[in-house]
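J.: Throw the hints in and build the complete structure from the sequences for me.
Going line by line, the protein sequences match chains V and Y.
Using my numbering, you'd call the opening residue of the first sequence number 33 and step up by one each time.
Using my numbering, you'd call the opening residue of the second sequence number 203 and step up by one each time.
Check before you lean on any hint, since a few could be wrong.
Derived Cβ-Cβ restraints for the label pairs, each shown as a range [what the hints assert, rightly or not]:
#1 Y:Asp509 <-> V:Asp200: 53 to 59 Å
#2 V:Arg191 <-> Y:Ala406: 45 to 51 Å
#3 Y:Asp376 <-> V:Gln82: 43 to 49 Å
#4 Y:Ser291 <-> V:Asp173: 30 to 36 Å
#5 Y:Asp376 <-> V:Asp214: 36 to 42 Å
#6 Y:Phe410 <-> V:Ser74: 48 to 54 Å
#7 V:Asn163 <-> Y:Asp231: 54 to 60 Å
#8 Y:Ser291 <-> V:Thr136: 39 to 45 Å
#9 V:Arg191 <-> Y:Gln285: 23 to 29 Å
#10 V:Ser74 <-> Y:Gln285: 38 to 44 Å
#11 V:Asp173 <-> Y:Gly340: 22 to 28 Å
#12 V:Asp214 <-> Y:Tyr361: 48 to 54 Å
#13 Y:Asp492 <-> V:Arg191: 58 to 64 Å
When the alpha-carbon atoms are kept at most 30 Å apart in a straight line, the in silico BS3-like pairs for lysine-lysine are as follows [said to hold, decoys possible]:
#14 Y:Lys442 <-> V:Lys228
#15 Y:Lys347 <-> V:Lys228
#16 V:Lys172 <-> Y:Lys296
#17 Y:Lys332 <-> V:Lys228
#18 Y:Lys296 <-> V:Lys68
#19 Y:Lys381 <-> Y:Lys332
#20 Y:Lys526 <-> Y:Lys296
#21 V:Lys298 <-> V:Lys316
#22 V:Lys172 <-> Y:Lys332
#23 V:Lys228 <-> Y:Lys381
Derived coverage of chain Y by chain V (criterion: at least 3 residues anywhere in the stretch with Cβ under 8 Å from a Cβ of chain V; other residues may be distant) [as the list claims (entries may be wrong)]:
#24 330 to 344
#25 415 to 422
#26 453 to 465
#27 578 to 585
#28 620 to 629
I should point out that these hints are in silico values taken from the structure, not numbers from a laboratory.
Since this is a predicted model, take the numbers as computed values, not measurements.
Just so it is clear, CB atoms sit at the ideal spot from N, CA and C, and this is done for glycine as well.
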Amino acid sequence: MTTTSRLPLLLGLCSTLLLGCAGEPTSLRHVDAFNKAPQPLSISSSAAKQALAQAPSCCPSVRDFQFTPIPANFSGNVIIDRTAPAFEFDSGKSFFRAFALPQTSRSFEIRLYSQAGDTVLAPNAMLLNGNLQITRLLGKDDFTFVPAQGLKGDSMDARLRVDRLYLDNAGNEAYLVLYTSDEQMAGSTTIEHPAKAYARARGTEPPNIADPVAQHAAEGIIKMVIIEDQAAGQLANTYVPPRSIGQEMGNTVPAIPAPPVQPETKAFYRQAIDAALANRDLEKALRLADEAARVGDESAKTYLLEKVQIK
Amino acid sequence: MNTKKPTFLLKPSYALAAMLVAAPALAVDFHGYMRSGIGATGGGGDQACFQAKGAGAKYRLGNECETYAEVGLGQEVWKEGEQSFYIDSMIAYKSNQANDWEATDSKNANTDNPYENGTSSIRQFNVQGKNVLSMLPGATLWAGKRYYKRHDVHINDYYYWDVSGPGAGIEDIDVGFAKAHVAWMRNTDGDWTYDGAGTGTNVANDTFDFRLTDIDVNTDGKLIVGYDYGKANLTDEQEKDPGYTDNKGHLVTMEHTQGNWFGGFNKLAIQYGTDGIIGSTGRNSTGNSDGSMLRLVNQGVVGLSDDIEMMYVQIYEDKDLDNKQGQEWFSFGLRPVYKWDNVMSTAFEFGYDQVDPQADGQDTIDLKKFTIAQQWSAGRSFWARPQIRVFATYAMWDGDDYNAASESIETGEDDGMTFGVQAEAWW
Numbered sequence: 033m034t035t036t037s038r039l040p041l042l043l044g045l046c047s048t049l050l051l052g053c054a055g056e057p058t059s060l061r062h063v064d065a066f067n068k069a070p071q072p073l074s075i076s077s078s079a080a081k082q083a084l085a086q087a088p089s090c091c092p093s094v095r096d097f098q099f100t101p102i103p104a105n106f107s108g109n110v111i112i113d114r115t116a117p118a119f120e121f122d123s124g125k126s127f128f129r130a131f132a133l134p135q136t137s138r139s140f141e142i143r144l145y146s147q148a149g150d151t152v153l154a155p156n157a158m159l160l161n162g163n164l165q166i167t168r169l170l171g172k173d174d175f176t177f178v179p180a181q182g183l184k185g186d187s188m189d190a191r192l193r194v195d196r197l198y199l200d201n202a203g204n205e206a207y208l209v210l211y212t213s214d215e216q217m218a219g220s221t222t223i224e225h226p227a228k229a230y231a232r233a234r235g236t237e238p239p240n241i242a243d244p245v246a247q248h249a250a251e252g253i254i255k256m257v258i259i260e261d262q263a264a265g266q267l268a269n270t271y272v273p274p275r276s277i278g279q280e281m282g283n284t285v286p287a288i289p290a291p292p293v294q295p296e297t298k299a300f301y302r303q304a305i306d307a308a309l310a311n312r313d314l315e316k317a318l319r320l321a322d323e324a325a326r327v328g329d330e331s332a333k334t335y336l337l338e339k340v341q342i343k
Numbered sequence: 203m204n205t206k207k208p209t210f211l212l213k214p215s216y217a218l219a220a221m222l223v224a225a226p227a228l229a230v231d232f233h234g235y236m237r238s239g240i241g242a243t244g245g246g247g248d249q250a251c252f253q254a255k256g257a258g259a260k261y262r263l264g265n266e267c268e269t270y271a272e273v274g275l276g277q278e279v280w281k282e283g284e285q286s287f288y289i290d291s292m293i294a295y296k297s298n299q300a301n302d303w304e305a306t307d308s309k310n311a312n313t314d315n316p317y318e319n320g321t322s323s324i325r326q327f328n329v330q331g332k333n334v335l336s337m338l339p340g341a342t343l344w345a346g347k348r349y350y351k352r353h354d355v356h357i358n359d360y361y362y363w364d365v366s367g368p369g370a371g372i373e374d375i376d377v378g379f380a381k382a383h384v385a386w387m388r389n390t391d392g393d394w395t396y397d398g399a400g401t402g403t404n405v406a407n408d409t410f411d412f413r414l415t416d417i418d419v420n421t422d423g424k425l426i427v428g429y430d431y432g433k434a435n436l437t438d439e440q441e442k443d444p445g446y447t448d449n450k451g452h453l454v455t456m457e458h459t460q461g462n463w464f465g466g467f468n469k470l471a472i473q474y475g476t477d478g479i480i481g482s483t484g485r486n487s488t489g490n491s492d493g494s495m496l497r498l499v500n501q502g503v504v505g506l507s508d509d510i511e512m513m514y515v516q517i518y519e520d521k522d523l524d525n526k527q528g529q530e531w532f533s534f535g536l537r538p539v540y541k542w543d544n545v546m547s548t549a550f551e552f553g554y555d556q557v558d559p560q561a562d563g564q565d566t567i568d569l570k571k572f573t574i575a576q577q578w579s580a581g582r583s584f585w586a587r588p589q590i591r592v593f594a595t596y597a598m599w600d601g602d603d604y605n606a607a608s609e610s611i612e613t614g615e616d617d618g619m620t621f622g623v624q625a626e627a628w629w
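T.: Take a look at the structure:
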């Protein structure tokens, strides 16, 4: 059996329907009560645990994850279950989903709602920069239970902002991994009884009864909504101080790789270097080699050095 | 099996298009309620709603003829350590559900004009200061108009303990075995209460409300004990008027809540009230005759299976008045809901009301109401809303005694059928 990604298909469907997968108008996305939440997965937490134990580790390292690109108007449900890849994270083995975040959008907010029923996947989130270095790890303290309201279901929620003030900032966070951890799976979450939610909404006295408890499980469903800053609503550019990624210690800044040089360009620089050498204009030949390096042809310099034999 | 390729289910979310609300600033609690829809009566005419004459409530599924909405905004405006201030507000709107334009012009409210039958009301505006009284840690000092610890039965929209209104009080006082709450509430009788030769002025009433809640009595069982003292607060002018009597009354309430009860809960309330407070909900009224009232309200929601939830209620109320205008009211209702899946369910509601007037020679009247509704809701619970329901309702009564229908059905008829579509939401 092959599990193929339905994402491109669904995205295609959405665009043919001229709806966009965003569904709701962007302004309403800000009101949780108007955001329809999916049903929590109905699974047994012990079966999920067993499935996780049996699942093979997908990859040798995070570097080898398959990151699914998501658009800046993304709104959808991320199902983390036994069909998801598994990986041995430092915090424990877990199923996960990995995403490549929009790179050229405005700054945006990611809202995560892990749906709670009899069980809930208490999420962890990992953010990585373009060089796949971890920038942030979110866990127990970051995901908190928020009771159902309107169309929003009971869920463990977190909101995080991803900065895109400087698109060429190599430290920008580029990847998101959603998973859970041994620490999270050990816990449980108390859910507000729906009769109490009714009482709260109607201003009546809630019945004094015990609330149901959702066991934390290895599988779950997380609604993820990305809210891109709007042009009119964007905060004026604030200064984000440059953050060291450890250049001093020898870490390299992950440069955005230049597009490959066209063979015509390569040939042009080599011809020009040949012409300069024929004219015995070594300085011009060096400048041409530098220029070729700047457009991405590092081999021009070697070519020049091979031509200039030290006698 | 290729485990590297993730599978996704993308469901487009949808919004309540009818609610055009700008995105509120962060941390504002937006809460509210609405019901609205359209219906008709079999045989012609607008949807009729059926209620037994003299009954304190009617069973509501497929039996609500008006649009009613509440919009509330609240926000914690200040917090320092454990101390905080919260501002709450709520505005309600009601109309006959007859036209697009139903103005909330209070001059014409409740008239027959189908364009001006709306009303609106400022029902809540209050401030709650938590932990601001240093001698009462954990307690909240509050003042303003407020829904104050109202107790209701959902399926017949019956409020049996409700002293809401303008007021002030301290709640959640920790007394060890219980939490104590004290409040001073106001309600006012209009000048129509007294139509003698006197002053014809409004009469202000005070209710002093004392409650002990969260008393542990048994496993998963909690007790509330409440006492309300209501009295008219007469001006000098009213005091001198022999037409006004300083009516007052007492109401004692005991309510037991049982959790872990057949997959749900049960609430049993017993109330005994006297004289001025024999209204319906615990407020004093100067127009009341002396007498006494005993009321039992037993209700609950139970899970009969994974797919069936049911709410039930039994009410017995005996108003024994000195002027013989009292009555006995007996009510019984059931609403089982069968869930086909996470969104669709079928609900059935049966409601029975019987009213036996205290005066000699008056007939006992009754009403039976049956409703079947196909429902689509955001979630599986009995309480899941928003919900859209397509319903058909049939009611039977004795047309020789009274007409149970609000409209569209001729006096003397013994039964009526209605159908329609209604939306209900709370958030």
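J.: For every hint, state whether the structure bears it out.
T.: Hint by hint, here is what the structure shows:
1. Y:Asp509 <-> V:Asp200: 53 to 59 Å: holds (57 Å)
2. V:Arg191 <-> Y:Ala406: 45 to 51 Å: holds (48 Å)
3. Y:Asp376 <-> V:Gln82: 43 to 49 Å: holds (45 Å)
4. Y:Ser291 <-> V:Asp173: 30 to 36 Å: At roughly 32 Å between Cβ atoms, Asp173 (chain V) and Ser291 (chain Y) fall inside 30 to 36 Å, so the hint holds.
5. Y:Asp376 <-> V:Asp214: 36 to 42 Å: holds (38 Å)
6. Y:Phe410 <-> V:Ser74: 48 to 54 Å: Holds - the Cβ-Cβ distance for Phe410 (chain Y) and Ser74 (chain V), about 50 Å, lies within 48 to 54 Å.
7. V:Asn163 <-> Y:Asp231: 54 to 60 Å: violated (42 Å)
8. Y:Ser291 <-> V:Thr136: 39 to 45 Å: Check passed, 42 Å falls within 39 to 45 Å.
9. V:Arg191 <-> Y:Gln285: 23 to 29 Å: holds (26 Å)
10. V:Ser74 <-> Y:Gln285: 38 to 44 Å: With a Cβ separation near 42 Å, Ser74 (chain V) and Gln285 (chain Y) satisfy 38 to 44 Å, so the hint holds.
11. V:Asp173 <-> Y:Gly340: 22 to 28 Å: 25 Å Cβ-Cβ, so the 22 to 28 Å window holds.
12. V:Asp214 <-> Y:Tyr361: 48 to 54 Å: holds (49 Å)
13. Y:Asp492 <-> V:Arg191: 58 to 64 Å: Given a distance of about 60 Å, which is inside 58 to 64 Å, the answer is holds.
14. Y:Lys442 <-> V:Lys228: Violated, because 48 Å separates the two Cα atoms, which is more than 30 Å.
15. Y:Lys347 <-> V:Lys228: Judged against 30 Å, a Cα distance of about 22 Å means the pair holds.
16. V:Lys172 <-> Y:Lys296: violated (45 Å)
17. Y:Lys332 <-> V:Lys228: holds (21 Å)
18. Y:Lys296 <-> V:Lys68: This hinted pair holds, its Cα atoms lying about 27 Å apart.
19. Y:Lys381 <-> Y:Lys332: holds (15 Å)
20. Y:Lys526 <-> Y:Lys296: Judged against 30 Å, a Cα distance of about 34 Å means the pair is violated.
21. V:Lys298 <-> V:Lys316: Holds - the C-alpha atoms of Lys316 (chain V) and Lys298 (chain V) are around 17 Å apart, at most 30 Å.
22. V:Lys172 <-> Y:Lys332: holds (28 Å)
23. V:Lys228 <-> Y:Lys381: Answer holds: Lys228 (chain V) to Lys381 (chain Y) is near 18 Å, not above 30 Å.
24. 330 to 344: violated (count 0)
25. 415 to 422: holds (count 3)
26. 453 to 465: holds (count 4)
27. 578 to 585: holds (count 6)
28. 620 to 629: Coverage by chain V holds for the stretch 620 to 629 of chain Y (3 residues, Cβ < 8 Å).
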